[in-house]
Amino acid sequence: MRKPVRVRFAPSPTGLPHVGNIRTALFNWLFARHSKGRFIVRIEDTDVARWVKGAIEAILESLHWLELDWDEGPEVGGDYGPYFQSQRLDIYRAIAQQLVKQGDAYLCYCSPQRLEQMRAEQMRRKEPPGYDRRCRNLSAKERVRLEIQGIVPVIRFKTPLSGETRFRDLIRGRVVFDNRNLDDFVLLKSDGYPTYHLANVVDDHLMEISHVLRADEWLASIPRHVLLYKALDYKPPLFAHLPMILGPDRSKLSKRHGAVSTLDYREQGYLPEAIVNFLALLGWSLDDRTELISREQLVRYFSLKRIAKTGAIFNIDKLNWMSGVYIRQLDAEDFLERVLPFLETGLPQSIERPLSREYVQQIAPLIQERITTLGEAAEYTEFFFVEELDYDRALLSTDVTDEVALEALRAAKKGIQDLDSFDTSSLEGVLRPLASELGLKTGKFFGLLRVATTGRTAAPSLFQTMAVLGRERCLQRIEAALNRLGG
RNA sequence: GCCCCCAUAGUCUAGAGGCCAAGGACGUCAGCCUUUCAAGCUGAAAACAGGGAUUCGAAUUCCCUUGGGGGCACCA
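Residue numbers (the working numbering): 312 to 798.
These are computed hints drawn from the structure, not numbers from a lab. In this text, a Cβ means the ideal position worked out from N, Cα and C, and glycines have one as well. Check each hint, because a few of them may be wrong.
Keeping only pairs whose Cα atoms sit at most 27 Å apart, straight-line, the calculated DSS-like set for lysine-lysine is [stated by the list, open to error]:
1) 566 - 364
2) 616 - 629
3) 469 - 452
4) 566 - 629
The calculated label-pair distances, taken between Cβ atoms and stated as ranges, are [to be verified]:
5) 345 - 546: 22 to 30 Å
6) 676 - 796: 26 to 34 Å
7) 376 - 783: 35 to 43 Å
8) 440 - 624: 52 to 60 Å
9) 690 - 735: 22 to 30 Å
10) 690 - 608: 27 to 35 Å
11) 636 - 787: 17 to 25 Å
12) 656 - 596: 32 to 40 Å
13) 753 - 787: 50 to 58 Å
14) 712 - 690: 44 to 52 Å
Could you put together the complete structure from these sequences and hints?
Below, the structure written as structure tokens:
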């Protein structure tokens with residue numbers, strides 16, 4: 312009987328989670344759910360110096376937003392905790408000591424300055440940088456001398472001086488490394504915290520992780536991990552190194568690529584289901600044509616076998632398209648619920664709060680098929696809320712002369728004043744014939760009215776817009792337009 | 001500099017020797033629809049990095065070159 316699938320997402324709180332991090336989380340989650348296994352979140356907070364305030368919250372919040380629920384980890388606990396590495400220091404220290412005792416690791420007293428100098432020298436000589444193993448064979452006497460000086464040592468792994476380390480990646484296949492290219496890396500830092508290599512290997516073992524799905528950038532560290540598993544006599548999990556998500560310049564995603572923090576996308580009004588769909592297709596595919604795929608389908612069909620090997624650029628244009636598709640798919644009520652908060656925060660402060668839900672309900676259908684993100688809603692609908700329209704007078708006479716515009720607006724005013732009911736079809740019933748009476752093309756006439764009532768040349772369908780605005784507002788605005796034209 | 005990974009259109013991808021004179025999607029362009037903007041519908045342009053080798057036959061296998069990426073910290 313195969314061991315149950317247990318996978319983990321192991322972020323370090325050294326920054327806000329970007330889409331690359333979250334894509335890794337998504338693949339782990341999908342694999343866990345597909346395999347009816349467990350999805351674990353473990354916080355790798357072993358770098359005290361680079362710790363970023365709020366990062367853990369942002370990471371967990373991103374997962375919540377995308378509904379990537381975890382079975383063990385922060386907030387939920389579990390039988391393999393604690394799930395914060397900073398709370399497991401005793402374990403790492405004991406294991407590091409054990410490695411020293413069994414001869415697989417040693418104490419190193421070299422100062423950071425010496426190491427830096429050494430590396431600089433190596434670079435200058437065009438040699439591969441790496442620890443020169445000065446402390447690897449320290450005599451007892453020398454060690455005592457250094458201890459007395461009060462130097463706190465680090466613990467380094469004794470990497471084999473020869474031979475090769477090979478392993479099999481689920482995505483890459485066989486990979487072989489020559490041990491001579493490896494140096495004696497640090498396991499335990501002088502501040503008593505473990506390095507990633509130690510903590511990661513120890514925890515994956517202790518937490519009985521079955522598959523490690525992590526970004527490609529870790530592939531180069533694989534031989535160290537394999538060597539560590541061997542030294543500790545642990546059975547290594549299976550590894551799958553995922554292709555990376557790259558910035559537009561094809562380099563590793565970083566702050567300099569702008570809004571890549573996952574929560575930024577929430578703020579901009581992308582739907583989580585669109586983000587999940589989009590991210591899933593960055594490095595994974597179902598077949599030769601599926602673009603739109605639900606979370607349920609993803610869970611059902613996700614497979615390690617269909618993960619690509621090539622790094623992928625995050626294509627915002629395609630995300631935008633997909634976002635629009637998802638927004639249009641929402642039913643009216645759902646759309647209203649989702650767009651409301653964005654209007655509350657996005658519309659000018661001068662507008663009374665809270666917004667009238669009933670009014671927004673009328674507006675919502677007019678923009679649902681036009682916006683790409685919920686964040687665009689405010690700008691699209693602002694003219695529905697403001698008292699005074701602010702627009703360039705010239706817009707009223709781009710297609711017609713001032714005289715014609717005045718005549719047409721007066722006629723329109725008169726026409727809608729006497730309307731029995733102010734709805735879409737009655738508006739069309741009176742305004743369309745009016746256009747021909749005035750001898751104006753509908754495009755010109757309606758365009759003029761559009762500017763007068765909305766202050767812009769591009770807006771939702773005119774009659775629907777006017778119906779929602781209501782008779783009073785429309786008359787006021789037409790009046791205002793007449794004034795602008797000096798009528 | 002050394003090590004590792006990767007290589008189909010601008011971008012995301014399908015393709016596991018003949019089904020490929022390479023399929024889908026975004027984007028782009030054109031047309032249709034239309035009161036504007038979107039949406040929708042039609043259509044078009046656009047790719048197997050290069051060179052060898054294996055084979056009756058290669059986008060698919062192997063080698064080299066080139067290109068891109070990642071790694072080489074008391075960071076993860």
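Given a hinted range of 50 to 58 Å, is it respected by the beta-carbon distance of residue 753 and residue 787?
violated (24 Å)
Check whether the Cα positions of residue 469 and residue 452 lie no farther apart than 27 Å.
Holds. Residue 469 to residue 452 sits at ~20 Å (cutoff 27 Å).
Starting from the hint 26 to 34 Å, judge whether the C-beta atoms of residue 676 and residue 796 obey it.
holds (32 Å)
Cβ distance range 27 to 35 Å for residue 690 and residue 608, holds or violated
Holds - the Cβ-Cβ distance for residue 690 and residue 608, about 34 Å, lies within 27 to 35 Å.
Could you grab the alpha-carbon distance between residue 566 and residue 364 and see if it respects the 27 Å cut-off?
Holds, at roughly 16 Å.
Could you say whether the range 32 to 40 Å given as a hint is met by the Cβ separation of residue 656 and residue 596?
Roughly 36 Å apart at Cβ, these two residues keep to the hinted range, so it holds.
Below or equal to 27 Å on CA atoms is what counts here, so check residue 616 against residue 629.
The hint holds at about 24 Å.
If you check the beta carbons of residue 345 and residue 546, does the distance land in 22 to 30 Å?
holds (23 Å)
At the C-beta level, are residue 440 and residue 624 separated by a distance inside 52 to 60 Å?
violated (30 Å)
Return holds or violated for the Cβ distance of residue 376 and residue 783 against the range 35 to 43 Å.
holds (41 Å)
Regarding residue 712 and residue 690, is the given constraint of 44 to 52 Å on their beta-carbon distance met?
violated (31 Å)
Residue 566 and residue 629: Cα distance at most 27 Å?
Distance ~21 Å between residue 566 and residue 629 Cα, so the pair holds.
Checked against the numbered hints above, the structure violates hints 8, 11, 13, 14; every other hint is satisfied.
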